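Visitor: Sequence:
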Amino acid sequence: MNNQLILNSVIDLSSKYISNSDIFDYIKNNYNDDEINFYFLGKIEYMNAWNLQKKIHHLVKSGNLGDIVLFLEHNHVYTLGKNADSNYILGRFQDKIDIIQTDRGGQVTYHGPGQLVGYPIINLNKYRKSVSWYMRTLEKVIIRTLEQYSIKATTKEELTGVWVNDEKICAMGVRLSRWVTMHGFALNLNPDMKYYDGMIPCGIQEYGITSLFEFLNKEVDTFEVMNYLANFFINQTKILN
Numbered sequence: 000m001n002n003q004l005i006l007n008s009v010i011d012l013s014s015k016y017i018s019n020s021d022i023f024d025y026i027k028n029n030y031n032d033d034e035i036n037f038y039f040l041g042k043i044e045y046m047n048a049w050n051l052q053k054k055i056h057h058l059v060k061s062g063n064l065g066d067i068v069l070f071l072e073h074n075h076v077y078t079l080g081k082n083a084d085s086n087y088i089l090g091r092f093q094d095k096i097d098i099i100q101t102d103r104g105g106q107v108t109y110h111g112p113g114q115l116v117g118y119p120i121i122n123l124n125k126y127r128k129s130v131s132w133y134m135r136t137l138e139k140v141i142i143r144t145l146e147q148y149s150i151k152a153t154t155k156e157e158l159t160g161v162w163v164n165d166e167k168i169c170a171m172g173v174r175l176s177r178w179v180t181m182h183g184f185a186l187n188l189n190p191d192m193k194y195y196d197g198m199i200p201c202g203i204q205e206y207g208i209t210s211l212f213e214f215l216n217k218e219v220d221t222f223e224v225m226n227y228l229a230n231f232f233i234n235q236t237k238i239l240n
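Numbering that gives the first Met the number 0 applies: residue 0 is where the sequence shown begins, and numbers increase by one.
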């Protein structure tokens with residue numbers, strides 16, 4: 000692992016605030032309008048997190064809240080993008096896992112314990128009004144973070160997400176309204192990989208799925224990963240602005 004100095008940029012709300020309204024009120028009353036604000040929410044059900052995103056997105060879009068990035072973990076769930084093919088969800092776990100139709104881009108994705116999810120809710124009017132710039136920025140943030148663990152990750156032409164060789168380690172799917180983003184990325188730290196057998200991830204059959212654990216053979220510190228992500232996110236938005 001590289002010994003690059005990182006700042007503790009992420010505020011931990013996972014043990015202090017239980018309900019969505021508590022989290023929302025804290026963020027609304029304590030954000031810094033001059034910088035990107037990063038929060039860790041712990042484990043949250045998908046629908047609760049989606050509803051929280053919508054409330055934050057509304058305030059960011061109306062100019063009443065600064066840029067926010069939520070880090071969290073979900074219980075087991077399959078989500079479909081707005082134009083996803085439901086046939087990509089196979090029958091193996093359908094009676095055990097919630098399946099949720101969303102309004103993000105992309106196909107079918109799995110979320111669950113051991114996966115770090117990031118939901119940036121930022122106003123691209125402050126940076127660059129370009130979906131491709133935003134997606135490339137997210138990919139670079141993930142790639143730089145993985146470099147700190149000596150994992151060489153790349154992108155694939157015409158495919159979103161971040162890859163190590165021919166295996167995806169980070170899935171991405173976003174939605175923009177008036178150039179304000181929501182949804183985001185899912186980085187595999189140490190998820191139970193069997194749940195990927197219940198779907199065709201992102202509708203791509205020819206490539207596999209991997210995680211940091213499969214390369215390092217040990218669990219990584221989630222807060223360390225989040226702080227790498229936060230610092231590289233800040234750096235990339237400054238560099239490419």
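To be clear, the hints were calculated from the coordinates, so they are not data collected in a lab. Hints should not be assumed to be uniformly reliable.
Said to hold, decoys possible - With a cut-off of at most 27 Å between alpha-carbon atoms, the simulated DSS-like pairs for lysine-lysine come out as follows: (1) Lys42 / Lys155; (2) Lys155 / Lys95; (3) Lys42 / Lys15; (4) Lys27 / Lys42; (5) Lys95 / Lys128; (6) Lys81 / Lys128; (7) Lys27 / Lys125; (8) Lys95 / Lys60; (9) Lys125 / Lys139.
Stated by the list, open to error - Distance ranges between label pairs, derived from CB positions: (10) Val130 / Phe222: 37 to 43 Å; (11) Asn31 / Asp191: 34 to 40 Å; (12) Lys27 / Glu213: 25 to 31 Å; (13) Leu175 / Asn50: 30 to 36 Å; (14) Asn164 / Ile17: 38 to 44 Å; (15) Ser14 / Asn86: 36 to 42 Å; (16) Ser131 / His57: 34 to 40 Å.
As the structure is a prediction and not an experimental result, all values here were calculated from the model. Even for Gly, the Cβ is constructed at its ideal location relative to N, Cα and C.
Visitor: Next, verify each hint and record whether it holds.
Guide: Evaluation of the provided hints:
| no. | hint | in the structure |
| --- | --- | --- |
| 1 | Lys42 / Lys155 | violated (30 Å) |
| 2 | Lys155 / Lys95 | violated (32 Å) |
| 3 | Lys42 / Lys15 | holds (13 Å) |
| 4 | Lys27 / Lys42 | holds (20 Å) |
| 5 | Lys95 / Lys128 | violated (40 Å) |
| 6 | Lys81 / Lys128 | holds (22 Å) |
| 7 | Lys27 / Lys125 | holds (19 Å) |
| 8 | Lys95 / Lys60 | violated (36 Å) |
| 9 | Lys125 / Lys139 | holds (19 Å) |
| 10 | Val130 / Phe222: 37 to 43 Å | violated (30 Å) |
| 11 | Asn31 / Asp191: 34 to 40 Å | holds (37 Å) |
| 12 | Lys27 / Glu213: 25 to 31 Å | violated (39 Å) |
| 13 | Leu175 / Asn50: 30 to 36 Å | violated (19 Å) |
| 14 | Asn164 / Ile17: 38 to 44 Å | holds (41 Å) |
| 15 | Ser14 / Asn86: 36 to 42 Å | holds (41 Å) |
| 16 | Ser131 / His57: 34 to 40 Å | violated (25 Å) |
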